[in-house]
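A.B. asks: Fit chains B and C to the supplied structure of chain A, relying on the hints for placement.
Single-letter residue listing:
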Amino acid sequence: MTRSNEEPSGELSILGYPILAWLIFFVAAPLILVVILSFLSRGEYGGIEWHLTFDNYRRVFQPIYLNIFGRSLELSTVTALLCLLIAYPVAWAMASANPKVRTFYVIALAIPFMTNLIIRVYAIKIFVGMDGPLQWFLHFLHIPFDPYALTQNTVLVFYGMVTSYLPFMVFPLYAALEKFDFLLVEAAQDLGASNFKILFGVIVPNTRVAALNSFTLVFIPCLGEFVIPDLLGGAKSMLAGNLITEQFLKVRDWPFGAALSVILIILLLGAPLVLRKIFLGSIHGVAA
Amino acid sequence: MLRVVNISKNFGNQTNALKSVSLNVNSGEFFSLLGPSGCGKTTLLRIIAGFETASTGELYWNDQRVDVIRPQSRPFNMVFQRYALFPHLTVFENVAFGLRVKRVDTRSMKDRVENALNLVGLWSQRDRLPETLSGGQAQRIALARAIVNEPKILLLDEPLSALDQKMREYMQTELRELQQRLGITFIFVTHDQEEALALSDRIGVMNDGNLEQVATPEELYERPNTHFVAHFVGSMGSIRGSAVDHQSLQLPNGQVIRGNLGRVEPGLTAEAFIRPEKVRLSKIVVGATKLSGDGLRFDRGEGVNKVRGKVLNMAFKGLHYELHLGIGPDQRLRALVPPEKMKFGISIGESVTAQFSPTDTFIFNCPSGMA
Amino acid sequence: MKARPRAPFWAFGILFGVLFVLYLPVIVMVVSSVLTRTDHWVLTLQWYRLVVHDRELIDALIRSLEVGFASSFISTLVGGFAAIALVKSKFRFVKPVEALSFLSLVVPELVFALSLLSWFFVLRVQLSLITVILAHITFSLCFVLMTVNGRLAALDMTIEDAARDLGATEWRILRTVTLPLIMTSMLAGFLLAFLLSFDDFLITFFTCGVGSDTLPIRLYAAMKSGLTPQLSALATLMLAFTVALIFLLKRARGLKIFGQM
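Protein chains in written order, with this note's numbering: chain A, 1 to 288; chain B, 289 to 659; chain C, 660 to 920.
One or more hints might be untrue.
With a straight-line Cα cutoff of 27 Å, these simulated DSSO-like cross-link-like pairs (lysine-lysine) come out [as the list claims (entries may be wrong)]:
no.	chain 1	residue 1	chain 2	residue 2
1	C	K909	A	K179
2	B	K605	B	K629
3	C	K909	A	K100
4	B	K454	B	K390
5	A	K250	C	K883
6	B	K594	B	K629
7	B	K629	B	K571
8	A	K197	A	K250
9	B	K605	B	K571
No lab work stands behind these hints, which were simulated from the structure alone.
One chain only, chain A, in its complex shape (with noise of 0.2 Å):
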């Protein structure tokens, strides 16, 4: 039997159509699109000719390019790990704070996170570059260096990153340890539990879904991050995302993008269950 008061509130459901329409048309035909394209190839001038082909997909099997991939999933996996290693303690101390000077800290640390990108970036290049604090620091100390090469290198990619997505892994784990149960803390103490053996035999397994969730946060926009390696990198060090880049606004060959990203995004999707294997897998071992 149907009865017309069955759902109260059903009428306000038309106000789920209009972001439903909008993700379809935004969101999901854009990237099939993506999945279409990469089976196209390239026009004669830069443009898409409609006939199906492989050929992408073999090219990206090239050692070339499959060495700047390799590239991109060891950047990504030492800062994700680098964040993980400086987030815990972090988080930590910002969770056993008071709740006032939390605030403070989150807050702290969220500017920077909203803060444009390359805002970021500039202040960075400010900092190494000419007439830069580093750069006067350097010569007041009479150490010799190369002006250029301190402006563009690989530990200046890392530092971009870690500290771009830092936040992605505090936030998460600060979250956790926020509804983390101190008492057990106290009781490892009790027990005379030395801080690091709280933090990798307490803290460490109660809150290591937050963990592998933020890694995988940190993992995936690493994985296509352009600008930092575009401006801090240099030419030397290509990636995965100043290649699609590349395809895409200079050498206009769409299609090898599309497959580009397409290869991308299937790295993405089988990362965090690789990660969940290892990772979940381990520590469950030890803490069961």
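C.D. replies: Okay, now just chains B and C, sitting in the frame of chain A:
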């Protein structure tokens, strides 16, 4: 009169939140639905209000079918457990909300709001926001907001449970008086048996989606109909054994206890519930079962139940002492003894005899899964 | 609440270290924007004067603000009302909406940007400020949705039952009860969307046409050709604007998505 006919409710995969409940509530009656959390009492109330739809069954108000009407249009109003006052509206606007919806003209709306707020004694607080009110005040505003609409039935969902003990007792009196003054039917959901006994004209005891017994407070207390009601209402002590015939059970030590309702299935586990204030105690003197001459009155009649036990615990509760007697392993009997009768001095660890009449003893088979 | 056991001092050391490293370049940038070298370093506002008098920069700023206002206004409307449908009604497509907005969050910004670029190309839409606005709405929708959702989920549902009980229709409840109660979170959603739009580089970079570049694009292009104190002044101004928005957002309790405060 409100008629609940064979109402049942299934929530998704959890079936039988209500199992075919039927019930009549008379006009002008203070009716309570009593039961532990999860028994289905709030679900039933929300079905009456219209916030939930029954899976099967019907609901009638004076022969008009109401379960097909939207909650907005039912002549009932509800007082919510945590008040549910609109936090962005003043006290006045909260109470006026229902009248504004019904487009009552401004003049009579103001009069009615003033009346309702005067009724709960809070007209002076009309411009305040809910967050500045105390729990008791908020509860009374919630009451005023409901009764200003002159509902045929007022539904109250554990309205006093968020208040502290003192305020709760005060509000119980207020509620009862308000109900008598207005003459509106109240359906009151509570898990507090004392509250239900004190306030209601009639009580429906619910357990696990079933309506176990509907009766006046006195009947419920004097003559519980089911194992659950005996267990839940009146905090009786109990002893278990196995049923030997339709009205007696045998303890593991061989003693037989008789009850007043001949409904027990012989051979199965049974539990005897005994009103603690009806239990009389006497000391056991070694060598002879001499009764201590302390002025206690004993029925020497054949039918009196007698069990021996050891005093395990003793607590002074103001009006009386509460004693726990160990009868056997995991078997405890409660007894309430007035202070003047404690003069003969029972102490913890002593062996005593407990006597109680079969008319104060209720024996039921234990529900399966409990034995 | 009982005080929690303090983290060890080295954890605090790392926290302060991180804050130091995060802020040091920014501070250097701000300082460099008010200094000029003649014989020695002198305080000056000349770089700011240059920025203010740069017609092209001001045009870019105006475009940034236009994009910010238009996109956050629309995404607040669409996203905010969608949150109501998702939480309050039996909307049939909750799962698809959740999945797609999650997708828009996890797909790398770069892929997101180039997919929109290709989409506009296939649809033969000329890249312009309009395409930038469409792109910005798309990526900020999910954030508005999350912000308003959080508030709605925390709302006591019985308040709406109470309004229903008093005879109000669904639309009246929405207007007189729900909307007033989620207004601050709608505002927070708007500010967050504005902030994201104002700061966005990559997606704008892919979807803007000739002459429709925003401030961050300008800054990027200028940076490619070298650093000047004028750029520091511009970056400092943008930073100040962002920080101001963040504090507004905090007032509107929009920072909750970062954790309990």
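A.B. asks: Sort out which numbered hints this structure fails and list those numbers smallest first.
C.D. replies: 4 and 8
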